Each structure stands twice: as C-alpha cells, then as structure tokens.
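Sequence lines, in order, name chains W and X.
Every letter in the first sequence is one number past the one before it in the numbering used here, and letter 85, counting from 1, is 85.
Every letter in the second sequence is one number past the one before it in the numbering used here, and letter 12, counting from 1, is 12.
I should point out that these hints are in silico values taken from the structure, not numbers from a laboratory.
A couple of the hints might just be wrong.
[To be verified] Derived DSSO-like pairs (lysine-lysine); straight-line CA-CA distance at most 30 Å: (1) X/Lys56 x X/Lys36; (2) X/Lys36 x W/Lys65; (3) W/Lys18 x X/Lys98.
On a predicted model such as this, the values are computed, not experimentally measured, just so you know.
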Amino acid sequence: EAQVTQNPRYLITVTGKKLTVTCSQNMNHEYMSWYRQDPGLGLRQIYYSMNVEVTDKGDVPEGYKVSRKEKRNFPLILESPSPNQTSLYFCASSRGQGTGGVYGYTFGSGTRLTVV
Amino acid sequence: GEDVEQSLFLSVREGDSSVINCTYTDSSSTYLYWYKQEPGAGLQLLTYIFSNMDMKQDQRLTVLLNKKDKHLSLRIADTQTGDSAIYFCAESIMGFQKLVFGTGTRLLVSP
Chain W
1 EAQVTQNPRY LITVTGKKLT VTCSQNMNHE YMSWYRQDPG LGLRQIYYSM
51 NVEVTDKGDV PEGYKVSRKE KRNFPLILES PSPNQTSLYF CASSRGQGTG
101 GVYGYTFGSG TRLTVV
Chain X
1 GEDVEQSLFL SVREGDSSVI NCTYTDSSST YLYWYKQEPG AGLQLLTYIF
51 SNMDMKQDQR LTVLLNKKDK HLSLRIADTQ TGDSAIYFCA ESIMGFQKLV
101 FGTGTRLLVS P
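Could you put together the complete structure from these sequences and hints?
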C-alpha cells in the first residue's frame, strides 16, 4: 500500500531532551515536507526537501533540523525541545517536485508531540 | 505575504448542501486544493482545480474559483454525517514548490 509512515504517533517528552520523529514513504517521491498543525493557525511548513541531500527552510524552521540522506526517509529532529513545540506534526510527500500538481500531497497520520 | 483564510466553523443538517469558502492571496497560484482531515488522521486530497478553470464538479463536490476576487469555494451536495471533518483549502505558490494552507473549516453535520 502506498503510504507515508510517521513514528511515533504520540510522544510526551521533557524540555531539552533531544528527539527524532521519523518519516518514511514507499512511493519513490522526490519531494517531502514537514508541517505542524496548531489550533487556529492551520498547517505551517517547517522544512521541505526537493530531493536527496537537498533541504530548505519553510515558514517556521526555528528549533528544528532535518536530513535527507535517502529518498524514502525524512526525519525531523528537535535538538532541544521546548513547550512551544507542542503540536501535531505531519510529514507529506509528493510526486515530482513540489506540490504534486493534480496528485497533491500524500500525508502521514501525524505525530502528536507534547513537551513539558 | 501569503495568507489563506477560511471561516472556522460550519454546521449543517444531513441532506442539506454545505458551502465552505476560502480566500487566497497569490494570484500566480497554479493549483488550488481542498483537503479533508478526519479525526485522528492526516489530510487527504479531496479535489483540486487548475487556475484557468472556473468550476470543477466531481460527484457531490463542486469547486468554484473566482480569480478576480481570489475566492475559492467547495460545495458538498446532500451532506452526510460522514462528511463531518475539517476542510482545508491550499494554494500552490512559487510554481510548485510550496503549499500554503488555510486555517481549516470544521464542518459538523447533524442528523
């Protein structure tokens, strides 16, 4: 089944403890992206990647890192999480480069992160 | 800057039509999208419209695009309780490099 898989689904952590949220897609998509979803703010892009070893900042990159060493994986790293990073995070991928044209994005199921 | 706006909430009765509205800012958007998010799930692409179209119909869904006013709407005919979800409009900007999402409209369908 074609899908984007995120892990974990739920995570509670303490301020300052480094964590990684994994994202993997099995569709050979070139473009991958991370978003965070907050009430009243919709989805805001954190980072995106046009291809292996090519990443760029989105609208809210502060406090996050990403890497794209393989085409299928695009992990999101929080080196020193803070409570304002409590949010619902989504990984997405698309065919070709960018927004996916008529195919749009394929989203993962989300990771709900709480930082205390 | 880029901004996509939607009303936050819509409540309808089962069998009625629902109309969800969206305004966007980037006149160069090539594609505009509607995504649906059910509770506890990621977003799923519902439909899209290409920027040179005024209307697109897909079964119960009708998308209307007014480029002059930068207004996009999604009409759901014969709304069912299973249509209860959050609906996001999104515009593609910088060619295809980025999707900007609206704040989402929560649709509640009552029996």
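Structure-based check of each hint:
no.	hint	result
1	X/Lys56 x X/Lys36	holds, 17 Å
2	X/Lys36 x W/Lys65	holds, 28 Å
3	W/Lys18 x X/Lys98	holds, 28 Å
Checked against the numbered hints above, the structure breaks none of them.
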